[in-house]
Amino acid sequence: MMAEIGLAALWLAAALAGLQLVAGSLALTARGAALGGAVRPVAMVQGLLALLAFACLIYVFSVSDLSVKLVALNSHSMKPLVYKIAGTWGNHEGSMLLWVTVMGVAGGFVALVERRLPERTMLATLAGQSFVSLGFYAFLLFASNPFERLSPVPAEGNGLNPLLQDLGLAFHPPTLYLGYVGLSIAFSFAIGALITSEVGPAFARAMRPWVLGAWIFLTVGIAAGSYWAYYELGWGGWWFWDPVENASLMPWLAATALLHSCSVLASRNALRAWTVMLGVVAFSMSMIGTFLVRSGILTSVHAFAVDPQRGTFILALLAIYIGGALILFGLRASSVTEGERFALVSREGALVFNNVMLSAILGIVLFGTLYPLVAETFGAKVSVGPPYFNPMGALFAVPMLVVLAVGPLLRWRRDRFARVGKNLVIPAMLVAAAAIGLLVIGGVALLPFLGLALALGLAWASLLPLKGRNLRRTPLPIWGMVTAHFGIAVALFGMSSESAFSVEKLVAVKIGEVTQVGPWGVKLDTVEPVAGPNWTALEARLLVRYGADGKVTRMLPQSRSFWAPPQQTSESALLTRWNGQLYAVLGGEAPAVDDKDEAKSAAGSDQGRWQLRLWWKPFVPLIWLGGLLIALGGALALAGHVLADLRRTIARSKIAYRRERQGR
Amino acid sequence: MKRLLLSLVALGLALTAPAMAQEEQSTAPYAYRQLDDPAKETKAQDLMESLRCLQCQGQSIADSDAPIAGSMRSLVRERIAAGEDPEAIRAWLIERYGDYVSYAPQLTGLTWPLFAVPVFLMLIAFLLLRRRFTGKTGDAK
Chain A
1 MMAEIGLAAL WLAAALAGLQ LVAGSLALTA RGAALGGAVR PVAMVQGLLA LLAFACLIYV
61 FSVSDLSVKL VALNSHSMKP LVYKIAGTWG NHEGSMLLWV TVMGVAGGFV ALVERRLPER
121 TMLATLAGQS FVSLGFYAFL LFASNPFERL SPVPAEGNGL NPLLQDLGLA FHPPTLYLGY
181 VGLSIAFSFA IGALITSEVG PAFARAMRPW VLGAWIFLTV GIAAGSYWAY YELGWGGWWF
241 WDPVENASLM PWLAATALLH SCSVLASRNA LRAWTVMLGV VAFSMSMIGT FLVRSGILTS
301 VHAFAVDPQR GTFILALLAI YIGGALILFG LRASSVTEGE RFALVSREGA LVFNNVMLSA
361 ILGIVLFGTL YPLVAETFGA KVSVGPPYFN PMGALFAVPM LVVLAVGPLL RWRRDRFARV
421 GKNLVIPAML VAAAAIGLLV IGGVALLPFL GLALALGLAW ASLLPLKGRN LRRTPLPIWG
481 MVTAHFGIAV ALFGMSSESA FSVEKLVAVK IGEVTQVGPW GVKLDTVEPV AGPNWTALEA
541 RLLVRYGADG KVTRMLPQSR SFWAPPQQTS ESALLTRWNG QLYAVLGGEA PAVDDKDEAK
601 SAAGSDQGRW QLRLWWKPFV PLIWLGGLLI ALGGALALAG HVLADLRRTI ARSKIAYRRE
661 RQGR
Chain B
1 MKRLLLSLVA LGLALTAPAM AQEEQSTAPY AYRQLDDPAK ETKAQDLMES LRCLQCQGQS
61 IADSDAPIAG SMRSLVRERI AAGEDPEAIR AWLIERYGDY VSYAPQLTGL TWPLFAVPVF
121 LMLIAFLLLR RRFTGKTGDA K
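So the protein lines, in turn, are chains A and B.
Quick note: the first sequence uses the UniProt record's numbering, first residue 1, plus one each step.
Quick note: the second sequence uses the UniProt record's numbering, first residue 1, plus one each step.
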């Protein structure tokens, strides 16, 4: 029953999106102006219906209604409730429903609150939003119906991939989706502004909270995904330049650029066409990311070609939306003037530089991700990985980081280096000191070397905009900028330190044996079986000690066996200290060693030896701490802008009220 | 040398039996054992991180429990221990398994666009910035 209600709600929402598109477009013409009043309410109801459909899907998952095909395929009645609910979006259909739900709700919210723009621009924006939604509704209803029933009803479901049964991952996709879809609002605003030629500061101010919000979610989503890969995959890596990761990084890069150009447009009325272009690009990257992850093309181009229905559908949507938006841009760009001019050495100049560099990095990631797919269609298989992305990305990231240290200190429009130069003496000295220190230590590769040296100077420089300000009166967006830039330095330090100073130790030890990794002594105390709700595991008890006289602490890495579906995972154990993290993984029982001298030393007692993988990773948590600081900075800026907008709205309505009374 | 041959056989076996279950760990001698010489181990580690595990999805052989990844790790460590150059090992693996096995694309007729794009982007960035900040900038009041 719930499944049918959900499906009906989905159809109704799709129909309303159609109405929203027609009414919104007609309202822009002279004859259809009367329809304008319908657009906002329709958008709100559409959002509510999509939300209802999604709630229905969550319900059928939480009660494990196995007569629904999607539940039977992806869930299992023995799973903990939280993973049943998370299973709702852990699959293709459910995640696409989440996508349209977020899109519908966000569109409805815009319709409800956004009153600053000219009504014509709003109508065009909402029509654009419904145009995009409509494609995804069609995709759901015709190519991936989440509510399809199954007959006969199976006795039990297939279960969820155990790797995904983890709290971090349960909430990782929805976070990213909020980011992806938030960018759809920016896209719709860009379309609306292009159609009505209303690209100006008001447009930027209306768009900015959405870009900021989307960007915060993307940042958190990427950081969470990276941390998940780090502790769940059991090998201590935190970024693999995997296409799925790149799919989330590309919208982030575009959104970061958009965020900054949006600021320029809002405060200086410059970079108009560029901001609109980035609005289009950012959401295009979201859609390309979704296409990459959801079409199955990554598993194999051939698998995609064999069952191409869904992939082709998304590809067609991509072509329509991205192509359409670019054509619109081409047609209307001439009506969008560039806006105010400015000098090279100015805040705008630095922001333009940052934008161009971010776009170049985006270009590298996009090309490096797509190239293997293109090559494969021509019958050649190549791999593009860290040895390509790291140096090529750094080519543009390093100059950008240098400018990041200086840019926020510059004045708008025109400035001189001489004025800000004296502030940069300390950061420059920090960079030099760090570089000399690293050269003395030696053995640090070029990229981590640059990262470590830059990070210290950048951390100092990022705080300089607060210098000479009354901290209590400093506007929240300034605090946000400082926090986010400081977060970049923190994350950069963590990344570089991890790659320069990590110590790895792979050993097969007997119970009671002690081994050394970096400054840590690790003793294997016991290995015992334990059981969870849907798994059994071997759990090692490690007693670890930092240095010679540190406190002894326990670590409990597990090697888990899930039974639905059957799969083994390693649950790593992490021990965090202020200066890094000890990472421990329990492998299997050690295989018999065929090396002769080894066999002698073990004296034939291979039975009690266990594989341990240990890493000491100095300052590695700073990567995610930095990520969270960046997101926190975004949140501060968002709060600042929204509060200012509210204050302005309230003041305006008070003035209007007084005028009205005086008029009487 | 004999050990090397053995591990090659093991590698061959692992490749021909792709249906092997994920949980069966590799039994190759250096799959889960480091080289005694830290300098050589670092070299091996760097190389392993840039080689693709052919059985997994998007993982390097340094990040995988798949049997073939273990066999390849063992092969890399043994060859490094025997004093071979990392790039020579990479070339040997590419010759056997194709470009796909290496995450570091080599400059060939097939991959040149990967290296042309950064140069192209640099050029575009330079031109964009130059156009923006020369000529008319002077009259920015």
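Misleading hints may appear alongside valid ones.
What the hints assert, rightly or not - Quick list of the computed label-pair ranges, beta carbon to beta carbon:
{"hint": "1", "chain 1": "B", "residue 1": "G98", "chain 2": "A", "residue 2": "A138", "range": "56 to 64 Å"}
{"hint": "2", "chain 1": "B", "residue 1": "R131", "chain 2": "A", "residue 2": "R648", "range": "46 to 54 Å"}
{"hint": "3", "chain 1": "A", "residue 1": "K523", "chain 2": "B", "residue 2": "P113", "range": "33 to 41 Å"}
{"hint": "4", "chain 1": "A", "residue 1": "A418", "chain 2": "B", "residue 2": "D46", "range": "22 to 30 Å"}
{"hint": "5", "chain 1": "A", "residue 1": "G379", "chain 2": "B", "residue 2": "D46", "range": "40 to 48 Å"}
Unchecked claim - Using 25 Å as the maximum straight-line C-alpha spacing, the simulated PhoX-like pairs for lysine-lysine come out as follows:
{"hint": "6", "chain 1": "A", "residue 1": "K381", "chain 2": "A", "residue 2": "K422"}
{"hint": "7", "chain 1": "A", "residue 1": "K505", "chain 2": "B", "residue 2": "K43"}
{"hint": "8", "chain 1": "A", "residue 1": "K551", "chain 2": "A", "residue 2": "K505"}
{"hint": "9", "chain 1": "A", "residue 1": "K510", "chain 2": "A", "residue 2": "K523"}
{"hint": "10", "chain 1": "B", "residue 1": "K40", "chain 2": "A", "residue 2": "K381"}
{"hint": "11", "chain 1": "A", "residue 1": "K505", "chain 2": "A", "residue 2": "K523"}
Quick caveat, the hints were computed from the structure, so don't treat them as lab data.
Just so you know, even glycine gets a beta-carbon here, dropped at the ideal spot from N, CA and C.
Q: State the violated hints by number, sorted upward, taking the hints as numbered earlier in the document.
A: Numbers 1, 2, 3, 4, 5, 6 and 10, in rising order.
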